[in-house]
Amino acid sequence: MPNLRDIAIFDISNQPSKADTPCTRLCNGGCAQLCFSFPVDQPTSPGFRCHCTTGVLAEDKHSCEDSKEFLVYTTRTEIHSLSLLPKSYNVPFDTVSDLTNVVGIDFDYTNKDLIFTQIRPDTKIAKVSSSNPTKEKMEIILEQGINPEGIAYDWTSKKIYWTDSANNSIYSMNSDGSHIVRIIQVERPRAIVLDPCRGCNANKFYCANGQCISRLWACDGSDDCGDNSDEDRNYCTYHTCSPNEDLLHCSDRSCPPNSFRCPNHRCIPGTWHCDGDDDCGDGADEPGEYCKLDGRTCFGDLFTCDNGNCVPKIYICDGDNDCIDGSDEEDRHKCNNRKCDEETEFTCNANKQWGRAMCIPKKWVCDGDPDCVDGADENVTAHYCPPPQECGENEFQCQNRRCISKEWECDFDNDCGDGSDESQACNSKYRVCTADEFNCTNAKCIRKTYHCDGEDDCGDNSDEVGCG
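The opening residue of the sequence shown carries number 51 in the working numbering; numbering runs sequentially from there.
Certain hints may be false.
Stated by the list, open to error - The calculated lysine-lysine pairs, modelled on DSBU-like cross-linking and capped at a C-alpha distance of 35 Å, are: (1) K162 / K187; (2) K174 / K208; (3) K185 / K174; (4) K413 / K456; (5) K185 / K363; (6) K118 / K187; (7) K479 / K363; (8) K208 / K187; (9) K389 / K363; (10) K118 / K209; (11) K174 / K384; (12) K412 / K456; (13) K456 / K479; (14) K413 / K209; (15) K413 / K185; (16) K209 / K185; (17) K174 / K254; (18) K412 / K479; (19) K456 / K498; (20) K479 / K498; (21) K174 / K479.
Derived by calculation from the structure, the hints in this document are not laboratory data.
Assemble the whole structure, with the sequences as input and the hints as a guide.
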């Protein structure tokens with residue numbers, strides 16, 4: 051039986067004795083979603099039972115209502131939900147499909163919105179309603195000049211917090227993408243968790259020691275918190291002067307390299323200049339006529355991509371398509387002749403997509419996380435790194451010693467970084483694409499309508515090759 055997709059089993063002990071059942075007579079038995087008929091073994095038995103495909107059965111035993119507690123998780127290309135009830139097989143909401151490298155996710159319970167992050171190549175922070183979870187209904191909150199990973203939503207102040215390991219920073223913004231603030235610089239932040247109940251009111255400053263002080267006392271030159279966190283250099287650099295603040299202290303602050311200084315003395319990353327968002331709050335970073343110029347260059351020490359995007363110059367020749375159009379990795383930069391800084395960088399000799407070595411900070415060597423494609427920065431013999439921990443029972447051991455979930459093996463995504471989770475051994479596990487699907491070079495099957503639609507749906511860009 052080739053291409054068998056589904057099967058149904060009929061058992062006389064579980065089937066109604068005749069076709070005329072309560073489910074057919076009473077307009078689906080009065081059930082909001084599913085109606086199941088069964089043999090009537092007692093005179094008082096209704097002969098049917100209602101169930102729900104999404105949500106849970108309400109107290110009236112007919113209608114369905116949203117699940118109040120459930121688990122939300124991502125598999126890189128999809129967002130799923132799972133009931134916390136052991137005997138419940140229905141899902142709280144339908145799966146969100148056709149996404150790209152989703153790594154962080156949180157839930158806005160009030161508005162029933164899923165808020166998530168996507169990493170490169172299609173970096174963004176977006177949201178979609180769990181009531182209608184389709185890619186077409188996805189709303190992009192922020193997508194330019196960021197490399198988001200972990201994300202958390204503060205339902206008390208309606209703010210979104212996210213980590214950016216590429217910029218070594220943690221940011222916050224309003225739920226609509228406005229008022230972006232760089233909170234602090236930390237070394238390679240990944241996940242983030244909030245405790246809104248222990249936070250401060252919107253008009254207060256939250257000290258590192260847990261105290262709440264007036265926002266007017268932050269960055270005023272005095273240690274009001276007691277631990278000096280209200281005078282932290284990284285926070286104060288990106289802090290906006292309030293109307294009642296000491297302008298002498300505020301206006302004298304200098305912005306870090308590759309930053310744009312707003313007239314209100316706020317400092318924002320240079321990649322946010324002319325990105326379509328009013329990050330300054332007064333529109334100064336979005337001068338209309340200048341931003342529309344075809345020949346404009348990026349602000350500060352940033353590289354201007356051919357498509358107009360701005361990326362840090364350190365991203366040139368790093369083996370990643372940061373510009374999206376590949377202009378930061380073209381031969382004109384003589385990438386193959388580029389050498390890593392021996393004092394501050396480590397050379398990953400395993401070539402990446404453009405066939406050149408990759409440079410990583412030396413402090414990433416022996417940090418327990420393989421950053422080179424082949425894991426050379428965690429080599430026990432060459433660098434005397436501590437022996438790596440063995441992967442767990444439900445994890446897959448990559449050739450570069452990285453541990454990933456077993457569910458990610460043979461899922462068409464290069465989760466290991468060295469491709470060992472998508473080796474030739476997966477060929478026997480990949481299914482044959484149907485006539486309505488496009489067969490990617492990496493054996494992934496996608497809808498034919500996604501072929502030549504301008505997006506890398508395959509993951510290896512084979513669906514966009516030769517499209518003209």
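Violating hint indices (sorted, rising): 7, 15 and 18
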